[in-house]
Amino acid sequence: MEFWKKYLNNKNEMYMIFSDPRCEAKSKIVSFDLDGTLVTTKTGKTFATSSEDWKWLNEKVIPTLQQEVERDAKIVIFTNQKGIMSRGEINTKKCDEFCQRIEHIIKQLAKYEIYVQLFVAISDNIYRKPLPGMWSLLEKNNQCIKIDKSKSYFIGDAAGRGDHWMKGKKKDFSCSDRKFAKNVGIKFNTPEEYFLGMKPCEFEWDDIDMNSFPLVSGRERLNLLKIQFKEGREIILFVGSPASGKTSFYEKYLKPKGYGWINMDTLGNKTKCMREAKKLIENESFVIDNSNPTIEGRQEFIELAKKNDIPIRCFYFECDKKLTNHLNTFRALTTNKNIPAIAINVYYKKFVQPRKEEGFTEIITIPFVVEEDYLLTNDTKQLLYYSY
15 MEFWKKYLNN
25 KNEMYMIFSD
35 PRCEAKSKIV
45 SFDLDGTLVT
55 TKTGKTFATS
65 SEDWKWLNEK
75 VIPTLQQEVE
85 RDAKIVIFTN
95 QKGIMSRGEI
105 NTKKCDEFCQ
115 RIEHIIKQLA
125 KYEIYVQLFV
135 AISDNIYRKP
145 LPGMWSLLEK
155 NNQCIKIDKS
165 KSYFIGDAAG
175 RGDHWMKGKK
185 KDFSCSDRKF
195 AKNVGIKFNT
205 PEEYFLGMKP
215 CEFEWDDIDM
225 NSFPLVSGRE
235 RLNLLKIQFK
245 EGREIILFVG
255 SPASGKTSFY
265 EKYLKPKGYG
275 WINMDTLGNK
285 TKCMREAKKL
295 IENESFVIDN
305 SNPTIEGRQE
315 FIELAKKNDI
325 PIRCFYFECD
335 KKLTNHLNTF
345 RALTTNKNIP
355 AIAINVYYKK
365 FVQPRKEEGF
375 TEIITIPFVV
385 EEDYLLTNDT
395 KQLLYYSY
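Read in order, the letters of the sequence shown are residues 15 to 402 in the working numbering.
You can trust all of the hints, since none of them are fake.
Below 27 Å or equal to it, Euclidean Cα-Cα: the simulated DSS-like pairs (lysine-lysine) are: (1) K335 - K184; (2) K201 - K213; (3) K196 - K335; (4) K154 - K25; (5) K370 - K284; (6) K244 - K266; (7) K107 - K56; (8) K240 - K370; (9) K336 - K96; (10) K336 - K266; (11) K184 - K213; (12) K271 - K293; (13) K25 - K96; (14) K163 - K213; (15) K69 - K183; (16) K201 - K336; (17) K19 - K125; (18) K20 - K42; (19) K154 - K201; (20) K395 - K154; (21) K184 - K56; (22) K370 - K286; (23) K163 - K201; (24) K154 - K121; (25) K69 - K213; (26) K269 - K240; (27) K185 - K69; (28) K335 - K96; (29) K19 - K160; (30) K363 - K284; (31) K74 - K163; (32) K107 - K20; (33) K266 - K370; (34) K271 - K370; (35) K244 - K271; (36) K56 - K183; (37) K185 - K201; (38) K183 - K213.
Please keep in mind that the hints were generated in silico from the structure rather than gathered at the bench.
Let's have the full structure, built from the sequences with the hints guiding it.
Below you can see the structure in the form of structure tokens.
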């Protein structure tokens, strides 16, 4: 069909849009996930085996969509389809097969005078649910008609339901559809609630709510921490997960005070870090900006401080794994810097809470907060930061 728009050259901007020319722009949007929500496979397999391997989820799909059209709603589909990628590149065969399957579905809907617009997220970028990028694309492709979110909703099967939420049903593979609706700011239903009238069941967000963290200024943060800076040389050793804000803290609060900086990501290995530390310790205070999860790894720097008769303080950046994953995703989306999941898992597997008995002069816990000047200058950053 000639109604596809495909943006496939830039990984950060990869997506596809299918627009039936008979699909009219409306202020009311009734939107759906695709697989497991509108359609399922004929073969009973989790993923379609061919462009023909699909059927309606149940007998209520078509009449319910017809009712929505009669109520002056625009029907929209939002679907994640990372499976058409192979090793970071578009798999042409899989992409063509997916597009053919969509065209079959669109033709069947059109027989019932149901005309739709469809958005496809392909890569790990802002368009992939639960992030709200596909909704932003809809707003830009709705013929300048403002969408009324109070009348709009989204239906999806990735709803965070646990094992046996219905007899014989396994737990949902994720909560991404429910989170997508939450991020966009519209109502949410599961297919069972929407098509079959079932009552809502229990679910878990399985994520961190960024709104639960205090919003403070930089000055307020320092006042809350009550960090004292004395004359003379010292070592400050950071302990904290990847993406927990260690380097940003150094740049904002310690670099202006003249502290040197040692970072394994920059130098490459522990040996080079120790060599640099032995140079700096002669003349200046400095920060060891590594994750430092183990007692053994920290001990080398503690021994260096003892040998040179200077104090060593530990700044522990408090950040649980869910928060770390969120911050890492945010950083990847806004800076293209991404820590592999395995590195985060290794940190938490090895982590031992730092204690003064290890030889630290002082341990200062740095609770996670949201610094207002970090976000308020950029609306897109703010939207992504507070998204699930």
